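K.L.:
The primary structure of each chain is shown beneath.
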Amino acid sequence: MSMKTVFKKTTGLTDNPTHYCPGCTHGIIHRLVGEVLEEMDILEETIGVASVGCSVLSYEYFNCDMTQAAHGRAPAVATGVKRVLPDRFVFTYQGDGDLASIGISEVIHAAARGEKITVIFVNNAIYGMTGGQMAPTTLIGQKTATTPFGRDESIQGLPIKVCEMLSTLDGAAYIERVSAHDVQHIQKAKRAIRRAFETQKKGLGFSMVEILSTCPTNWGLDPYESLEWIKDNMIPAYPLGVYKNKEGAE
Amino acid sequence: MGKVLMKGNEVIAEAAVQAGCKYFFGYPITPQSELVAYMARRLPEVGGLFLQAESEIAAINMVYGAAGTGVRVMTSSSSPGFSLKQEGISYLVGSELPAVVVNIVRGGPGLGNIQPAQSDYFQVTKGGGHGDYNIPVLAPASLQEIVELTNEAFDIADRYRTPVILMGDGMLGQMMEPVEFGERTHSELPEKNWATTGTRGDGPRRIITSLELNAQSLETRNAALQKKFARIKENEVRYETYQTDDADYIMVAFGTVARITMNAISKARQEGIKVGLIRPISLWPFPEKPFLETRDVVKGYISVEMSAGQMVEDVRLAVNGHAEVDFYGRTGGVVPTQEEIYQKILSVAGGSRYEHENSF
Numbered sequence: 143m144s145m146k147t148v149f150k151k152t153t154g155l156t157d158n159p160t161h162y163c164p165g166c167t168h169g170i171i172h173r174l175v176g177e178v179l180e181e182m183d184i185l186e187e188t189i190g191v192a193s194v195g196c197s198v199l200s201y202e203y204f205n206c207d208m209t210q211a212a213h214g215r216a217p218a219v220a221t222g223v224k225r226v227l228p229d230r231f232v233f234t235y236q237g238d239g240d241l242a243s244i245g246i247s248e249v250i251h252a253a254a255r256g257e258k259i260t261v262i263f264v265n266n267a268i269y270g271m272t273g274g275q276m277a278p279t280t281l282i283g284q285k286t287a288t289t290p291f292g293r294d295e296s297i298q299g300l301p302i303k304v305c306e307m308l309s310t311l312d313g314a315a316y317i318e319r320v321s322a323h324d325v326q327h328i329q330k331a332k333r334a335i336r337r338a339f340e341t342q343k344k345g346l347g348f349s350m351v352e353i354l355s356t357c358p359t360n361w362g363l364d365p366y367e368s369l370e371w372i373k374d375n376m377i378p379a380y381p382l383g384v385y386k387n388k389e390g391a392e
Numbered sequence: 088m089g090k091v092l093m094k095g096n097e098v099i100a101e102a103a104v105q106a107g108c109k110y111f112f113g114y115p116i117t118p119q120s121e122l123v124a125y126m127a128r129r130l131p132e133v134g135g136l137f138l139q140a141e142s143e144i145a146a147i148n149m150v151y152g153a154a155g156t157g158v159r160v161m162t163s164s165s166s167p168g169f170s171l172k173q174e175g176i177s178y179l180v181g182s183e184l185p186a187v188v189v190n191i192v193r194g195g196p197g198l199g200n201i202q203p204a205q206s207d208y209f210q211v212t213k214g215g216g217h218g219d220y221n222i223p224v225l226a227p228a229s230l231q232e233i234v235e236l237t238n239e240a241f242d243i244a245d246r247y248r249t250p251v252i253l254m255g256d257g258m259l260g261q262m263m264e265p266v267e268f269g270e271r272t273h274s275e276l277p278e279k280n281w282a283t284t285g286t287r288g289d290g291p292r293r294i295i296t297s298l299e300l301n302a303q304s305l306e307t308r309n310a311a312l313q314k315k316f317a318r319i320k321e322n323e324v325r326y327e328t329y330q331t332d333d334a335d336y337i338m339v340a341f342g343t344v345a346r347i348t349m350n351a352i353s354k355a356r357q358e359g360i361k362v363g364l365i366r367p368i369s370l371w372p373f374p375e376k377p378f379l380e381t382r383d384v385v386k387g388y389i390s391v392e393m394s395a396g397q398m399v400e401d402v403r404l405a406v407n408g409h410a411e412v413d414f415y416g417r418t419g420g421v422v423p424t425q426e427e428i429y430q431k432i433l434s435v436a437g438g439s440r441y442e443h444e445n446s447f
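These protein sequence lines are chains Z and W, in that order. Letter 75 of the first sequence, counting from 1, is numbered 217 in the working numbering, and no numbers are missing. Letter 334 of the second sequence, counting from 1, is numbered 421 in the working numbering, and no numbers are missing.
Simulated from the structure, these hints should not be mistaken for laboratory data. All values reported here derive from a predicted model rather than from experimental measurement. Be careful, since some hints might not be right.
[Claimed, not checked] One-sided and incomplete, this derived list gives chain Z residues near chain W with beta-carbon spacing under 8 Å:
| id | residue |
| --- | --- |
| 1 | T152 |
| 2 | E187 |
| 3 | I189 |
| 4 | Y201 |
| 5 | N205 |
| 6 | D207 |
| 7 | A212 |
| 8 | G222 |
| 9 | R225 |
| 10 | R230 |
| 11 | E248 |
| 12 | G273 |
Ideal placement from N, C-alpha and C gives every residue a C-beta, glycine not left out.
Given only the sequences and the hints, what does the whole structure look like? Please build it.
P.N.:
Now the structure itself:
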């Protein structure tokens, strides 16, 4: 009797065990990115750019050439790589502290220039690695280490909606916000990543997928509650959908 | 190709192109903007790429990305912008990526002004960014020397997998002199078998990073960096001496200040005062040898700088108490005149020492 392989791990990821907390959706998002790289058969032409934060070690997990950027600078580093090697595939993997706070300038200008790179933007509304401080994406009322009484609009201001902002730029070719909180949405997230990667392959311009993600450890919730929290709190503040599709508009 | 009359900033740019640098990421700042503009015009002619970044921070990180693919790449700035590049420079060192970074120094601190200065000496020679490191720093004194040193800067960067700083003052960037771009010397350089260009199915994946979470591992890595710095100190020291053989006093100056100082020396020699010059060309590694050879013979040294006294500390370390070390400096974009330096020589060598070391 011969054994039939019904499932195997994507070749887009290495065999290194990830360091992510139980219930964190980084692992799922890594797998989606890895699967799409494998399915598009572009692993050997890919240079990934890791950022600073919980995903700082993502270069240990993606099974392709990787370079590590300084905090927030991944889109600038990716620009340097892509401009020298325009026929290669270049993506960044960044969290919301990295991208929406210290790196907001780099991502805005990369989008404005229409850099043919793809940004995987993982938004969990908090700084994870440093111990749960407020991010620009932290929700109003959300308690963090630096907003112990909840984020107060009159003190900390309002959250930044990155997809909405970047979609105003002409250089942005594909912008979509998805969520990793259940199977159906994870499937949608994978399709979004595929469309963003194809946007780059077609040379249409800058592409980004924002994925709403969990942080059970710093949210103080269990893994199941965390998924519910995305659905109940994050999606209303960060509506899902395609914000920019240059190809679709043509 | 014969001599051409060019501006210092443009000479740096052309010399870089001739050294095989096809990628430049820049941001405008006076007094180095001609360099950026030259690259914007010139690089497309050689099939290269010029990109104006949104900030100095973005520019140095674009350099990091490009350097990681194994190409020759450069950025340039002036003092305030150079400060912003320090984060990226530290990462280049940590990830061992070659690149050339130009600093056309202007008056500081803060916004300062746009006049010539050398007050970034500490910043370029003592690390500048975070962590334990040094970077080779080359300081040309003429436009012809820019041609040679720019070429060498790229070779040193590739040989040791390190950023290299080319430091000039605003005067050097702005002045015009005839220069000749001769045949470039080619050094044997190691293969860039570390570059991230996509695996292309031709080997295992590569990673460029400066992250090392385990303390023992980072210490091991730092020890390897220190070994590399020691090799650079052994092989990449550059300096020039001028009339030091019979000198009672030796002036120490680099860049354009060295040229003014040489004129002051000529005047002093006419008056019978035996003065010479040590001109460090590599600011790091600092040339200790000419001091070891002279420090038990001469009466003293005078460091002349466009700063409040920065290189003079390295002079003192090299002299190590064997002779007097004096200092003359101007700051804020004020260029010391030949006459001022001559008067300083008189005040030291003429017998009566001034009360104060500094001019201000």
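K.L.:
Now look at each hint and say whether the structure bears it out.
P.N.:
Okay, the hints, checked on the actual structure:
1. T152: At about 15 Å, which exceeds the 8 Å cut-off, the nearest Cβ of chain W leaves the hint on T152 of chain Z violated.
2. E187: holds (4 Å)
3. I189: holds (5 Å)
4. Y201: holds (5 Å)
5. N205: holds (6 Å)
6. D207: holds (4 Å)
7. A212: Hint holds; A212 of chain Z Cβ to chain W Cβ min 5 Å, cut 8 Å.
8. G222: holds (2 Å)
9. R225: It holds, given that the least Cβ distance between R225 of chain Z and chain W is near 5 Å, below 8 Å.
10. R230: holds (5 Å)
11. E248: Holds, because the Cβ-Cβ distance from E248 of chain Z to chain W comes to roughly 6 Å (cut-off 8 Å).
12. G273: violated (16 Å)
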